[in-house]
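*Asks:* If you read the sequences in order, they're chains W and X.
Just so we're aligned, residue 837 is where the first sequence starts under the numbering used here, counting upward by one.
Just so we're aligned, residue 837 is where the second sequence starts under the numbering used here, counting upward by one.
In short, the hints are calculated from the structure, not lab data.
Misleading hints may appear alongside valid ones.
Each pair may be met inside one copy or between any two copies, as identical chains are not told apart.
[Claimed, not checked] No farther apart than 27 Å at their CA atoms in a straight line, the calculated lysine-lysine pairs in the DSS-like style are these:
| id | residue 1 | residue 2 |
| --- | --- | --- |
| 1 | Lys1088 | Lys936 |
| 2 | Lys996 | Lys981 |
| 3 | Lys918 | Lys1035 |
| 4 | Lys1035 | Lys1089 |
| 5 | Lys1035 | Lys981 |
| 6 | Lys981 | Lys943 |
| 7 | Lys1089 | Lys936 |
| 8 | Lys1035 | Lys858 |
Single-letter residue listing:
Number of protein chains: 2
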Amino acid sequence: MFTKVGIVGTGLVGGSLGQALKKKRLARSVVGTSRLPRSVARARALKAIDAGSTGLDILAGCDLIILATPVETIIAQMDKIKRIIRGDCIVIDVASTKEKVVAQANKRFARFVGCHPLAGSEKRGIDCARPELFKNAPCIITPVKETDRAALAEVIRLWKALGSTPVILDPRAHDLTLAFMSHLPHVIAFALTAATPGKYFTLAPQSYRDITRIASSNSGLWDDIFATNKKNILNSIDIFLTHVNSMRSALKKNDFRALNRIMRSAQQKRRLFP
Amino acid sequence: MFTKVGIVGTGLVGGSLGQALKKKRLARSVVGTSRLPRSVARARALKAIDAGSTGLDILAGCDLIILATPVETIIAQMDKIKRIIRGDCIVIDVASTKEKVVAQANKRFARFVGCHPLAGSEKRGIDCARPELFKNAPCIITPVKETDRAALAEVIRLWKALGSTPVILDPRAHDLTLAFMSHLPHVIAFALTAATPGKYFTLAPQSYRDITRIASSNSGLWDDIFATNKKNILNSIDIFLTHVNSMRSALKKNDFRALNRIMRSAQQKRRLFP
Chain W
837 MFTKVGIVGT GLVGGSLGQA LKKKRLARSV VGTSRLPRSV ARARALKAID AGSTGLDILA
897 GCDLIILATP VETIIAQMDK IKRIIRGDCI VIDVASTKEK VVAQANKRFA RFVGCHPLAG
957 SEKRGIDCAR PELFKNAPCI ITPVKETDRA ALAEVIRLWK ALGSTPVILD PRAHDLTLAF
1017 MSHLPHVIAF ALTAATPGKY FTLAPQSYRD ITRIASSNSG LWDDIFATNK KNILNSIDIF
1077 LTHVNSMRSA LKKNDFRALN RIMRSAQQKR RLFP
Chain X
837 MFTKVGIVGT GLVGGSLGQA LKKKRLARSV VGTSRLPRSV ARARALKAID AGSTGLDILA
897 GCDLIILATP VETIIAQMDK IKRIIRGDCI VIDVASTKEK VVAQANKRFA RFVGCHPLAG
957 SEKRGIDCAR PELFKNAPCI ITPVKETDRA ALAEVIRLWK ALGSTPVILD PRAHDLTLAF
1017 MSHLPHVIAF ALTAATPGKY FTLAPQSYRD ITRIASSNSG LWDDIFATNK KNILNSIDIF
1077 LTHVNSMRSA LKKNDFRALN RIMRSAQQKR RLFP
């Protein structure tokens, strides 16, 4: 499918993509970069890339570039990458927020397509990479009016070949949706873990474990998500707080009918889950 | 271990206990009651009980009674059960809050021991019962100074025989702990589900699914928990809200250092999980 694929950022997602591309023979060669020499070496050892470097020059001649670093790093490196790669190279990113990166990338790359595979993990780094990471996971693809249609079609084919289900959303809708589906749940997990006296942890039932699992997520990555999706996250927190406060006041007033109404509506809504 | 065990409330927990007692041959016979004739019939069909009834008279002659209905029902039926059972019968309950039920039960039963197996589920009813429900799950046992020591020892042996790990806590500590480990997470799951626009559900990543799973819990049971652990739940909600609000203000002020400090501390704390 591709001759030379370049992965910028050989972490969990970048490394898993490299492994999947090689395993499914979707690329003749895969090269990768990371600012950490160790990550490059591990990516080679774990068969995520054929060759790697801490510099970007290795990306020359690629027909597909995958930007798999945090948003701020992606944006900071764009001009340099543009100077190295071919003009007809397809460029995709896999960042967790889309509005900012898509706007910036469209200014530099003629054939850019924003992507977000919903296949992360609270784990991180190349050592957790696995080629099946994207299998059966949705991948949100965020074309805009200036997106090259042939590049878009090829990117959709790529994600399908990786076992992922492509879902088209515009960047704005993506960031709004993810605020509720991912960023708010992380705020909740961080806050609940911080709020709980640690001595109770030995008695954690499965539900508590599940709800706080993502609190072990990499905080550095989250800086980036909070910075690039601030407005939507603040809005989702406020809507969530309104509902917590309704439950709190109903309980305080012994208004069990109101409390039950909120619980029942959540219960019925949760059953709509596909 | 027991001659005749009586289970009051043949739902998920009561039914699973019956199945486990019979499967492990810990009781010569198991009888059960439920206000629903269908639940009694299903409990017999699913080998949770040998005989059942919608009335309480069937409990006569038992040497172990398991109260497996919601707290308010347990308390409402205590006097009637006391008149039917033998004076030396061991009585346990499996309710989700302990202070109220232990105080009331100790006034009526000479050999009462409060229990709470941390092995519930968002599912409910006899049809979800399974004899392995208690295997590897902690069971909190809440003796107080008036608890009969021989009965306590026998109840500890019972839970061990069911594969559970007994943990001793006083009823007050139990209710305080469970407010954080179970009741607050449920409030969060109900509020998050209610807050999320339903059209986003198709894109729910695993983390969102995990955090809202318990929002499909039976709201009727939760009325009971909220009513009997109100003070602790309100307190845990307030501590949680303090942490959410800290994250919210840090984000609003672009204070990413403060935000990162909160995330990092949660992250490190989460790693303490046993």
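*Asks:* Since the copies are identical, ignore which copy is meant and state whether Lys1035 and Lys1089 lie within 27 Å (CA to CA) inside a copy, between copies, both or neither.
*Replies:* neither (31 Å within a copy, 32 Å between copies)
*Asks:* 27 Å Cα cut-off: does Lys1089 pair with Lys936 within a copy, between copies, both or neither?
*Replies:* between (45 Å within a copy, 20 Å between copies)
*Asks:* Using 27 Å as the alpha carbon limit, work out where Lys996 and Lys981 are close: within a copy, between copies, both or neither.
*Replies:* within (22 Å within a copy, 65 Å between copies)
*Asks:* Please work out whether the CA atoms of Lys1035 and Lys981 approach to 27 Å or closer within one copy, between two copies, in both situations, or in neither?
*Replies:* between (54 Å within a copy, 24 Å between copies)
*Asks:* If the cutoff is 27 Å on CA atoms, where do Lys918 and Lys1035 land: within, between, both or neither? Let me know, please.
*Replies:* Close neither inside one copy (52 Å) nor across copies (38 Å); limit 27 Å.
*Asks:* For the identical chains here, do Lys981 and Lys943 meet the 27 Å Cα criterion within one copy, between copies, both, or neither?
*Replies:* within (13 Å within a copy, 74 Å between copies)
*Asks:* Is it within a copy, between copies, both, or neither that the alpha carbon of Lys1088 lies no farther than 27 Å from that of Lys936?
*Replies:* between (43 Å within a copy, 18 Å between copies)
*Asks:* Treating 27 Å as the Cα threshold, decide for Lys1035 and Lys858: within, between, both or neither.
*Replies:* neither (46 Å within a copy, 36 Å between copies)
In this structure, the hints that do not hold are numbers 3, 4 and 8, in rising order.
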